Each structure stands twice: as C-alpha cells, then as structure tokens.
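Start from chain A and add chain B according to the hints.
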Amino acid sequence: MSEPGALVLVVEDEPQMRKFIRASLTSHGYRIVEAERAGEVVALTTSHNPDLILLDLGLPDGDGLEITRQVREWSRIPILVISARGREDDKVAALDAGADDYLTKPFGVNELLARMRVALRHAQQTQQGGVGGAGGATTAVIEIGKLRVDLARREVRVGGEEVHLTPIEYKLLTLMAQHAGKVLTHRQILQEVWGPGYAAQTHYVRVHMAELRKKIEADPARPRLLVTEPGVGYRLRDRGPGE
Amino acid sequence: MSERNERGERPDPDALLRRVQEEEARAHQGKLKVFFGFAPGVGKTYRMLQVARDLVIDQRVEVVVGLVETHRRPETAAMVLGLELLPRRQVTYRGRVLEELDLDAALSRRPKVLLVDELAHTNAPGSRHAKRWQDVLELLDAGIDVLTTVNVQHVESLNDVVAQITGVRVRETIPDKILDRADGIEVVDIAPEELLQRLAEGKVYLPDQAQRAADHFFQRGNLLALRELALRRTAQHVDEDVQAYRERHGVSVTWPAGERLLVCVGPAPSSGRLIRAAARMAAGLRCPWVAAYVEAAPLGRQGDEDRARLEAHLRLAESLGGAVTRLSAGRVSESLLGYARRNNVTRLIIGKPTHSRVRDRLRGSLLDEVVRGSGDIDVHVISGDAGGAREGGKPRGAGAPIAFAPYGWALAAVAVATAVATAIRSVLAVPELDGLYLVAVIVVAMRLGRGPSILTAALGVAAYDFFFVAPRFTFAVADGRYFLTFAMMFGVGFVVSELTTRLRRQEQDALAREERTAALYALSRDLGRVEVPSDVAAAVVRHAAEVFEAAVFVLRADDAGALQQLGAAPRGAILEAKEMGVARWCHDHGRMAGLGTDTLPGSRAMCMPLGIGASRLGVLALAPKAKAPLRVEQRALLEVFCRQAAFAFERARLAEEARASALRAKTEEMRSSLLSAVSHDLRTPLAGITGAATALRDDGNLGEGTRRELLESVCDEAERLERLLANLLDMTRLEAGGLSLKRDWVPLEEVIGSALTRLEARLGERQVEISIPAELPLMWVDPVLFGQIFVNLFENAAKYTPPESPIVVKVREEGGVVSVEVMDRGPGLPRGAEQRVFEKFFRGAHVGVSGVGLGLPICRGIAEAHGGTMQAEQREGGGAMFRVTVPLGGEAPQMPPEPPEPPEARKSEGGA
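Going line by line, the protein sequences match chains A and B.
Take the first sequence: its letter number 165 is residue 165 in the working numbering, and every next letter is one higher.
Add 1000 to a position in the second sequence, counting from 1, and you land on the number used in the working numbering.
Next up, chain A with everything else stripped away, as it sits in the complex:
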C-alpha cells in the first residue's frame, strides 16, 4: 500500500545511497527530489512542498538537528532521519526536535518503505483530524494484532479478553497506540503522560512499560508488540506478530 505520487525530498550526500533510495522509491511509485547539502533543504521544502523528508543526519555541511528545527517552525511535513548505529543521542535529539522517526544505517528497502508509510499515514491523519493535537488520531478503535483499544469506551482487550489497566498504563497505551508504528522518545512519553517537569525521570516510563507488557504481551519477557528501541525510546508495532 504505497502512496503513489507522494513527493519525497531525499537529503543524502552519498551518491550510492541516493542511487539505492531513488531506485527503491521510484519503483514503488514515489516521486523524489534530491539534495546533497543541508543548506538546500529549507529552500527545496518551500519550493516543492514535499510530502516527506528523508534526512541524513551525517551531512558534511550541516547539522540535521538544526534543519529539523527550522522546518518544524513552519511545517508539519513528516521527517525521517537516517543515522549510523552508536549515534543514539543524535537520533533522540532529532526526534525531540520534531523528527517523526529514524532509520539506522544500513537498512533494507522494506524497512525504509514501512517507516515511510507509517509517517505518511500519521501525517494524513493529523491533517484530517485538523485540531493539531500531538496525536491527532481520532480513530475510536485501534486494532493491532490481538490488541484492541477502544478509545471511546476506555476499553482494552487482548484476544477478546478484557484487560484492566491503571490510569497511567492506559494513558501510556493510548499514547503508543495513537502513534502506532512510530518511535516515541522517553522525553516525549514523559511529557505526554506525566506532563512537563518529568523529563529526567526515564525510569517512570521503563517501570510502567514493563507493567504494561505484562498485561498485553503474550510473552512479556520477549516483547513483540511494545518493543524497546535501545537508547531511543519505545515503539508500538503497527502490525501484530505474524501479520
């Protein structure tokens, strides 16, 4: 389920990488605009109004983080950042600055397309939802594999079985579900669930996530739904295991 015709701004200085991305995306029906330098991003974004930006954080001429901030000042275009393993801090900083998700080099084409799909879908939902809330998703029922979250009735079921959650666990789960498929950083989760002023208390998130997993995962020790992105945050997969 690609988004045919969607315009992607690819910001990448490595010609081989650009070649690979260009080949994969065009064959899936995307249109692309290419840029090699960070300096071009803002201009190209205003002139082409792309649907998504694919941004390498390791550009020679600029700070991807700064660009993310600049773009976020006036646009909600989804931004996917690309960075090497071991640069988790860069990713977290970019995500906190407003990037939607990240990819770790090297990545396969399926991974790239999946992340893009999620980001585009969320952007669409946000637009439709209108009232620019953080999540913005207005869907009343979210279903992922055996997990079913009914927002209107505040009801959570796993495989048809009702699960009782504490208020914080419920808030956590709905937050993750509204951003299903997307990574959320510790800071973002703390901000949304506990409110500002709790940004340093990452262990709150970890402890409640562990509790939540016990209630919604088939094997909590081997999570397949609510997964940890080491050094970055958490992601609720948007497809259940085996899907």
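Any given hint might turn out to be false.
EDC-like, lysine to aspartate or glutamate: derived pairs with alpha carbons at most 20 Å apart [stated by the list, open to error]:
{"no.": "1", "chain 1": "A", "residue 1": "K171", "chain 2": "B", "residue 2": "E1898"}
{"no.": "2", "chain 1": "B", "residue 1": "K1810", "chain 2": "A", "residue 2": "D219"}
{"no.": "3", "chain 1": "B", "residue 1": "K1742", "chain 2": "A", "residue 2": "E88"}
{"no.": "4", "chain 1": "A", "residue 1": "K214", "chain 2": "B", "residue 2": "E1775"}
{"no.": "5", "chain 1": "A", "residue 1": "K214", "chain 2": "B", "residue 2": "E1760"}
{"no.": "6", "chain 1": "A", "residue 1": "K215", "chain 2": "B", "residue 2": "E1898"}
{"no.": "7", "chain 1": "B", "residue 1": "K1112", "chain 2": "B", "residue 2": "D1058"}
{"no.": "8", "chain 1": "A", "residue 1": "K105", "chain 2": "B", "residue 2": "E1722"}
{"no.": "9", "chain 1": "A", "residue 1": "K215", "chain 2": "B", "residue 2": "E1769"}
{"no.": "10", "chain 1": "A", "residue 1": "K214", "chain 2": "B", "residue 2": "E1898"}
{"no.": "11", "chain 1": "A", "residue 1": "K105", "chain 2": "B", "residue 2": "E1760"}
Only part of the chain A face toward chain B is listed, based on derived beta-carbon distances under 7 Å [stated by the list, open to error]:
{"no.": "12", "residue": "P106"}
{"no.": "13", "residue": "H203"}
{"no.": "14", "residue": "R206"}
{"no.": "15", "residue": "T228"}
{"no.": "16", "residue": "P230"}
Hints in this document: simulated from the structure, not taken from any laboratory.
Nothing here was measured: the structure is a model prediction, and the numbers come from that model.
We put the beta carbon where it would ideally sit given N, CA and C, even for glycine.
Same frame as chain A, but now just chain B:
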C-alpha cells in the same frame, strides 16, 4: 692526601649544579642594583637618578621611576625631570594619606628598568607585602631590572652593631639575602666631614621627629664607623662574587672546610643578638648555620610574651638564612651537643650567662656543661643570656598566671599532717613525727610541683616546730639537731619536685612528639592507600584540619595553570575570593603567603605551595580556627605535610601516566592483532559479495533459483560485515577507555527483552526460558551497552547451538549484586578455554561458522565497565554457561504512588 687534593682542585659537583640551576633561574629574572650608603644624605638617590638618566640618554633603555623621594631637594627633583613617573598608589591609613609604590601598575607597565627608592621601607598596612623589599623581589621575578637605595643601618645582620655604635636602633631592616642577591652594589660614599657640612647646610632630609635622634646619630665618630661597616659589607659582597667566579671557573681555591654553625637561642631578648652574630659568622665562613631552641618547658606553660619573642627569634633566624630546629630533652646541654654531633656542627655559639654564680652551683651551669662536653666542637661565648639555657624553664614571663589552687592543697596537706601527728601523739608517745611532714612534702612535690612543695616544706617545718618541738606552741627551737630535720625537709621537697617536674616535662614532650609523629604516620598511611588526586586531597585536608585545628583547602593547578579547589575540610567549604588571591600569589611565586607571613598577612588563611623541586602542583591553604598564625613548630609540621601531599600528588600523576601508557601499549597490541585477524574476516564476506554480484551482472544464463540464492548470499554477507564492523567499533571504544556509560535506572527484563527483540529474526521460534525474580530492583546500568552483552550472548547461542535447543536465562540477586546466567545446550566451550574465550580474536574450532572472536571480549569489557565480572563455564549436562555479575548500583529511586483511579476509568471494568 689525595682526597684533600681533589677537594682543593675540583669544585664540589653539587655546588656547581646548584649554581647552574640558580643561574638558569636568574636568567629569567631581573637584575638588582643597590646604591649603598652609610648614612642618610650621602646622595644615594641622586646617584641612582644619575645612573638612570645615563641609561635613558646613552643606551636608550626604557626606565620608569616607580618611586623616588626627592624630599623637595631641588637638585634631586631636577634629576627626576624627563623620566617617566609611575603614578603612586594612595593608601588612607588612620586618616592620613600615604603614598606607596604601585606594584601592580609596575608589573603591568613592565619597563626594562624600574627605580624604587628606600628598599627598607615598610609598606602601609593592607598592602600586598609588608615590606618594600618584597615588592622588589616580585618585580625581579617578573623580569624587571630594579635600581634601589639602602643605608647600612638597615641591613639585618648589622642592625645591632649599628645600634651599638650609634645608640639608635633602626626598625626597618632588609634581610641580608637580598643584598647577597644583588647583581651590583654601588657604594655611594662621601667623606663624613662633607656629610656633616651638608647637614649643617640643611641639605639632608630628616623627618621632624627624628631630629633628636639625628643629633646623636650624625657625629663624626659614628659616621666613620658606619662608613667602615658599609665598605666592609660591600667588600664581603665583592668577595662572594670572586668566590662565585672561581667556583664557576674551577679555579683552585681553598674550599671552606665543612663548617657548620649552631646557635643556641631562647626567648630572652638578647637571643636576637646571638642570632645576628651567628649569621655574620656564618656569612664570613660561608657555611650553613642552625638556630636551635631547646624546649626545656613545654610551650603551653610559657608566658605568651616569651613565646612571641621566641617565635620572633626563630623567624629572624629563618630570615637571615639559618635553619631552625627545636630540640626537646631533659638536659639542655646533652640535647644540644647530641644534635651538634649528629649534624657535624663544628662551632657552637652560646650566650654568656648573666645570672649569678650561685644559680650555677645549685643547678649546674649550661655553659660549663657544654664546654666540658663539647669535645672537638668549638664553643663561642657571646655576651647575652644563654637563651636556650633556661633549664628548668622558669615560666615567669609576664602574664604567666600563677595557679593558687595547688598552694591551697599544700596548706591542706600540712594541716592533715599536723592533724594526723596530733592524733598519733595523743595515743602513742612517739617522739619523732617529722617523717609525716616529709611524706606530705613528697606527696605535694610529686603531685603539684616545686612551688607548692617548698611551701609545704616551709609550713611543715613551721607547724612541726610550733606544735611538736619543745618548747611547744612557740617557734623557738631548743634542740639544734632539729635544724638538720628542717634542712632535710626542704632538701627532699626540692629534689623530689625537681625530679617530678623534669619527668613530667619529658612525658609531655614525648606526648607532643608522639602526636606529631602519629599525625604524620596517619597521613602517610592514608596517602599510601590512595591513587586518585581527589582522594589524595581529601586525605590531606582531613588530617591537616585535625592536626592544625583549621579549615583546610587543597587547590590544584590544572593544565592551564589555573587553581582548582580539589578538596576542603570541613566538607563543602569554599575558599573565599580574597584568600584565593593569596593562594594564586603563593602558587605563582612558589612561596608561602598569607596569615603569619610577610606577604598579604591580612589574609585569614595561610598558603603553602605544594611542589617538588621546580614543579608546582598547587597550594594548600589553611585558615586556623583560632585566627592566629601558626607557631614555628606547627609550620615545620605543615611543611612536612605539604611535602607528603606533593609527593602523593606526584605519585598519583605518575600512576595516571603509567595507566595511560599501559593503555596505549595495549591499544597498540590490539591494533596489530586486529589487522591480521580483520584482514581475513573482512575479506571473506567481501569476496562472497563480489562473487555473487559479478555473477548476477555478467552471467545471463542463471536460472531464477540461482539468482535468488546469490542475492540472498549478498544480503547475508553484507549483514555479516555490518556485525563485524559493529563489533570492531564497540571493541575499539571499550579499549580506548573512551566509553562513557549513560547509566539509568532500568528494569533488567527490559534489557533482556530488547536484546531478544533485536535478534527476533535470528532466533526465530527458538525456545528462550527466562526467570527473573519478581522483586528484582531497578539496575543502574547503561541500557544500550548492558543490553549489548545479551545481544552478543544470544547471537552466539543462535550461531553455535542447534535451533531446537533452548536458551535458559536465570537471574539472581544477592547482597546488591545481580548475576545473570545465560545457558545453552550446544557443543559447549572448547575444553580448557573457559578463560581464553574472553581474549580478543580467540575462536573455537567451529566449522562453517563465521566470527572474529570479539563478541565475548566486548561482553566482558562492558561488564567490567559496570564494575562487574564475566565468566564462562561448561554447563552441567552439556552446553555452555555464561555468567554476568554486576552490582545493582545503589538504592533505586522511589516510584511515585499512582494516583487513585478517577471514576470514569472504571468504565472498562463495568463493560466486562
């Protein structure tokens, strides 16, 4: 014979080395030229200005007048004209405005040559240094040449000679060392007659209040004597120059035999003269000298005034270049001679006794004992009280309070003795009861000291006489032999009290010494245990604060030379900005400063540099709680403290360096083994990729199945390459020690869970049994790195064990240490390789499995970075077992209680 020849012909290598070092140090310093006169009015200032003008006009040297007193003499004022004048610093003191040399302005102006008049001047209170000569030393240190003036009566070692000649004692003095340091001394000399003439003409400036003294001072006889002194002092300086020249050039000279002077000093005012005499004699002999004080009585019992005078004397000795030592022992003569022998003293200087001969008869004469016991040591007797010879240490300094209670007890003892005697007499007709009084005297003497014992003896004699000696109830004595009894009572009381006093004194001495030794021992023991600079600082401040009863700070110079507070006692104390300035000065100049010193004495803290040789490591600042300067012996102890601290810092630095170089060596070693291992392991997947890709590109006849296979192998090999690089990267970071842990409070299940998620694809449906105790607290670890341990372990299990065999993870916590065991049912570890699996690039003999042998070393590296360990064992029943143990890392933070559920949250329950 040959030895003497050598000694005569070749300069002492140590002396040469010292000279070379001195010259090196001097090369960066300014030159000092002193215009030396024998009295005010000889024209020193005028001559100095003349020289300055010549420098400016003839040699175009940059000369600035720092401070010159013209005293409104027109010809002098005319000489100043045209020279650059440094603005003076105005100081208001007790309502008067005083003008001083602006040291900071001079330092920042930094001329080639600076003129500073009146070297012996005392600065206004609140100045950086107490004395102008210290300002000059700082200017010289900064590389500025200084021209200055001074009169002979201001030279410290000549001070009392001048006083003897003229009857006027000059209070402002300069230490001899500054004259010795002068690169040039120019005597400004005129005939005394001419000077008197100028005086009569009113050309000599004299302050009003000095007029009367001046009348006495300016007499022809005086002036002649002073002139001789000045010329002699200059000659001595010249002689030293000649000596230095000869030493430098190896000219054969008669080397001064290894003379060494010891001067015996005490609190008596005349000791000052002894010290100056010793300094002069030592200068003449060019030999080292020591001022010794024998602690006859513990200092605590001395009058404050005595103590202050003694301190002043010892400081004087230090300022004149002598060493200071304190001896303590029962007999002054023994300890003096003992010290003299141990230290190869050749001459002993002692004061002439001023007390009566009777005292010597009674107590023995120190002088006599010293002379008799001196053997081959020459003894010089110089007029003045034999300072240290105050054997018995009569604490009669003004203000020494007399305790009356012991005398009361003496009275009581006599009363008791009388009562007992009366009681006995009423029962038994014992004729001789003087023994009872004797007992009283002995008891009092032992307990309360000499005074009360004498009183007891006197009262005892009186009471005995009055009550028991016929005729009774009168003080008359019928029988002559009672006089003998009385005498005995006095004698016994005296001897016993003397003995006890001496014993007690020795005991107190021993105690004080033991305390000092114990303090040093405790410090060195603690310092021996620590290796990190901050721990060194902590140990030093703790001990120093205890011993000196003060707030103590250790400041360490960082690489840029800035002082950083490294430790403080009491904990958390901060050195104030003003004291920090003192510390800064102390560090920059490598000299003591602050409270109790001559530099910035207004400070609350005393600063002592920490350094070994030329290296300056930092400063120890000490602010005594009593706000009083340290006593000389405390200062000596502090110096030892500082030396110990400096050595400890140096050792810590060396240890750090050794660690760093060991790390470098290790890294180097790794790099080489890496190259050989990696060249193979990198090439294998690359060869696979290249082969498959070229086949796909060039061979058009491949079937669909083959094409798929080749593509799969490209992907697999690429993935393998990626893992290899990731491992190499991790390993390099671990090895370089550049790995900083980003610790957080993490539940262990999340760490293990995320590792399993990462390996989802590789593990497939393999069974993983995990048991984690439910009550396991959060762990203080770096989640990403710690998780890497499990990623590597699970990856190994996936690689080396059959897919159907389960992986078991068992977690236990005991005493704050968590152990995680990861077990498999694979082929197990290569026999005997339980340790070697953690070596880099070690690989078991696995067929068809790739790897570099970095996974397990990385695991161990990460575990160790967390303060833990990593082991491998054969698992019982087959397979391998890896155990990670790490400390929990402290008390996990509390979770806030979850607020009670709002009512609408229960809806989900209702909906069930």
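Status of the hints after comparison with the structure:
{"no.": "1", "hint": "A:K171 x B:E1898", "verdict": "12 Å, holds"}
{"no.": "2", "hint": "B:K1810 x A:D219", "verdict": "16 Å, holds"}
{"no.": "3", "hint": "B:K1742 x A:E88", "verdict": "11 Å, holds"}
{"no.": "4", "hint": "A:K214 x B:E1775", "verdict": "15 Å, holds"}
{"no.": "5", "hint": "A:K214 x B:E1760", "verdict": "19 Å, holds"}
{"no.": "6", "hint": "A:K215 x B:E1898", "verdict": "17 Å, holds"}
{"no.": "7", "hint": "B:K1112 x B:D1058", "verdict": "15 Å, holds"}
{"no.": "8", "hint": "A:K105 x B:E1722", "verdict": "9 Å, holds"}
{"no.": "9", "hint": "A:K215 x B:E1769", "verdict": "19 Å, holds"}
{"no.": "10", "hint": "A:K214 x B:E1898", "verdict": "17 Å, holds"}
{"no.": "11", "hint": "A:K105 x B:E1760", "verdict": "19 Å, holds"}
{"no.": "12", "hint": "P106", "verdict": "6 Å, holds"}
{"no.": "13", "hint": "H203", "verdict": "4 Å, holds"}
{"no.": "14", "hint": "R206", "verdict": "6 Å, holds"}
{"no.": "15", "hint": "T228", "verdict": "4 Å, holds"}
{"no.": "16", "hint": "P230", "verdict": "5 Å, holds"}
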